[in-house]
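Novice: Going line by line, the protein sequences match chains F and Y. At position 16 of the first sequence (counting the first as 1) the number is 16 in full-length UniProt numbering, and the numbers step up by one without a gap. At position 184 of the second sequence (counting the first as 1) the number is 184 in full-length UniProt numbering, and the numbers step up by one without a gap.
Any given hint could turn out to be false.
Repeated chains share a single entry, so a pair holds when one copy, or any two copies, can fit it.
To be verified - Listed below are the simulated SDA-like cross-link pairs for lysine to any residue, each with C-alpha atoms no more than 25 Å apart in a straight line:
hint, residue 1, residue 2
1, K18, A28
2, K215, P69
3, K196, Y88
4, K116, E29
5, K30, D109
6, K52, M191
7, K99, S64
8, K180, A58
9, K30, S41
10, K116, T66
It is worth saying that the hints were derived from the structure and are not from the lab.
Protein chains: 2
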Amino acid sequence: SNARPDTMASNSKRDIQKQAIEQILKNAEKNLGELCTTLASYTRKTAKLRDKVDLLVATLIDFSHTEDPEFQIGLKNLAEDLALVQDYRHAQVERLETKVVTPLKAYGDIIKNKRKFTADLNREQKELQKLEKTRLSNPADRQKIAEVNAQKASANAQRSIKQIEETITDFQRQKLEDVKKVFREFITVEMLFHTKALEVFSQTYGNMEVMDAEKDMEFHSNLRHQGGMDGELEQEEATKDEEEESETEMEQDEHIRQSFAVQYAQTTRKHN
Amino acid sequence: SNARPDTMASNSKRDIQKQAIEQILKNAEKNLGELCTTLASYTRKTAKLRDKVDLLVATLIDFSHTEDPEFQIGLKNLAEDLALVQDYRHAQVERLETKVVTPLKAYGDIIKNKRKFTADLNREQKELQKLEKTRLSNPADRQKIAEVNAQKASANAQRSIKQIEETITDFQRQKLEDVKKVFREFITVEMLFHTKALEVFSQTYGNMEVMDAEKDMEFHSNLRHQGGMDGELEQEEATKDEEEESETEMEQDEHIRQSFAVQYAQTTRKHN
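Produce the complete structure using the sequences and hints provided.
Specialist: Given below as structure tokens:
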């Protein structure tokens with residue numbers, strides 16, 4: 001061959017670089033693809049958890065309707081707070097989708113474009129080699145032309161190596177920055193949810209603590225003893241009075257012992 | 001009928017009470033059954049979420065192996081911290097099972113026993129009514145015996161009402177106390193998990209922040225330029241030196257920038 005040793009070295013280095021970038025793209029495709037699939041599945045499972053607690057909320061509200069005032073308020077408050085936490089979980093799901101899953105999904109296209117770019121470089125390179133061969137087959141002033149062409153080919157090969165190196169470096173840098181960004185978003189979204197859930201539940205716990213079964217026992221016992229054995233009509237009226245009285249009590253009670261969710265909604269309304 | 005008016009009233013009130021307790025047991029069976037099913041399902045979905053993040057941890061560790069030192073450490077640390085949060089989630093799942101789902105499951109048996117108790121009371125009552133009838137059919141000193149028996153039946157009915165009332169009250173009180181306890185446990189278990197997750201992730205976030213893609217770019221560029229174009233053997237040796245050097249660097253780096261999980265494990269080991 002008439003090509004100079006550094007051109008040969010360049011071509012050999014170019015092949016190594018080609019293999020390297022192919023390996024890097026293959027790894028990225030595999031790793032980012034798996035991250036995307038797993039995080040998308042995590043997001044879906046989180047949404048299912050939200051739906052399950054929404055079902056628990058509905059069950060608690062049904063339950064509260066069969067209970068006396070104290071537990072009726074207590075269970076309703078619990079349900080409202082659980083529902084509020086699910087609002088935060090819903091925000092978590094939406095943020096995971098837009099800030100974590102979607103950017104990772106985009107990597108399929110990014111890798112496809114990089115592959116196209118390196119394929120273009122390879123095709124260009126092959127055309128130049130072909131051109132060099134054609135000129136070498138020309139017998140006139142063969143040695144001189146060969147020298148010039150070999151220099152051109154060498155410079156070309158060097159430029160091509162530099163381009164591929166830059167492509168690798170750019171892709172790697174961008175990939176690492178993007179992976180870092182995606183997981184910073186992931187951690188932020190998770191922390192935000194945990195913080196909000198903690199904020200709500202610490203209030204809910206306080207509300208649960210003051211729920212007093214004895215109050216409902218007394219409420220029921222009063223109903224029974226005021227009604228007494230003096231005929232149904234009188235008993236019914238007594239029950240009605242008691243109910244009216246207890247509704248006022250409930251309203252007062254409700255004013256004092258609101259769910260965190262309702263207090264939160266009122267604060268938000270005030271601010272808007 | 002020879003029964004006195006208050007006995008009739010007692011019997012009528014007893015029927016109302018019987019209906020009431022039947023309704024209470026029916027509601028409890030439905031409400032606590034639904035709570036149990038929903039919370040068991042929530043627990044299973046939480047376990048699935050744990051499994052999904054465990055898969056993410058494995059993917060991150062695979063990923064870290066294809067990266068240069070800076071991101072290799074960064075991704076490994078992230079994986080370890082995510083794994084630690086899943087340990088907490090596993091504890092959450094186990095606590096939900098023993099402290100929330102199991103006590104609610106026990107309600108099926110509690111309600112069955114209450115039903116048996118009221119069925120026993122009813123049978124007893126019917127036997128006494130039968131006995132009264134037999135005695136009334138005896139013609140000798142009919143009026144007097146009837147009086148005595150009616151008094152007995154009335155006292156009996158009153159006692160029976162009292163027993164049923166107590167049964168209702170005890171069951172209701174116990175049910176409310178148990179529901180309160182179960183949800184206090186639920187909130188506690190959830191809060192514990194959120195607190196721990198927040199503790200880990202705030203450290204993880206700090207570790208993510210210092211991950212610097214440029215360091216890996218420089219690491220790679222050094223590898224390339226030290227190797228230069230001076231033949232493969234020399235390049236390989238340079239790479240080997242570089243790798244040895246970088247391993248030492250990595251060890252140092254690792255010492256400084258450990259995952260929260262590893263720091264946590266070391267602290268725990270020290271305390272034990």
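Novice: Which of the numbered hints above does this structure break?
Specialist: none
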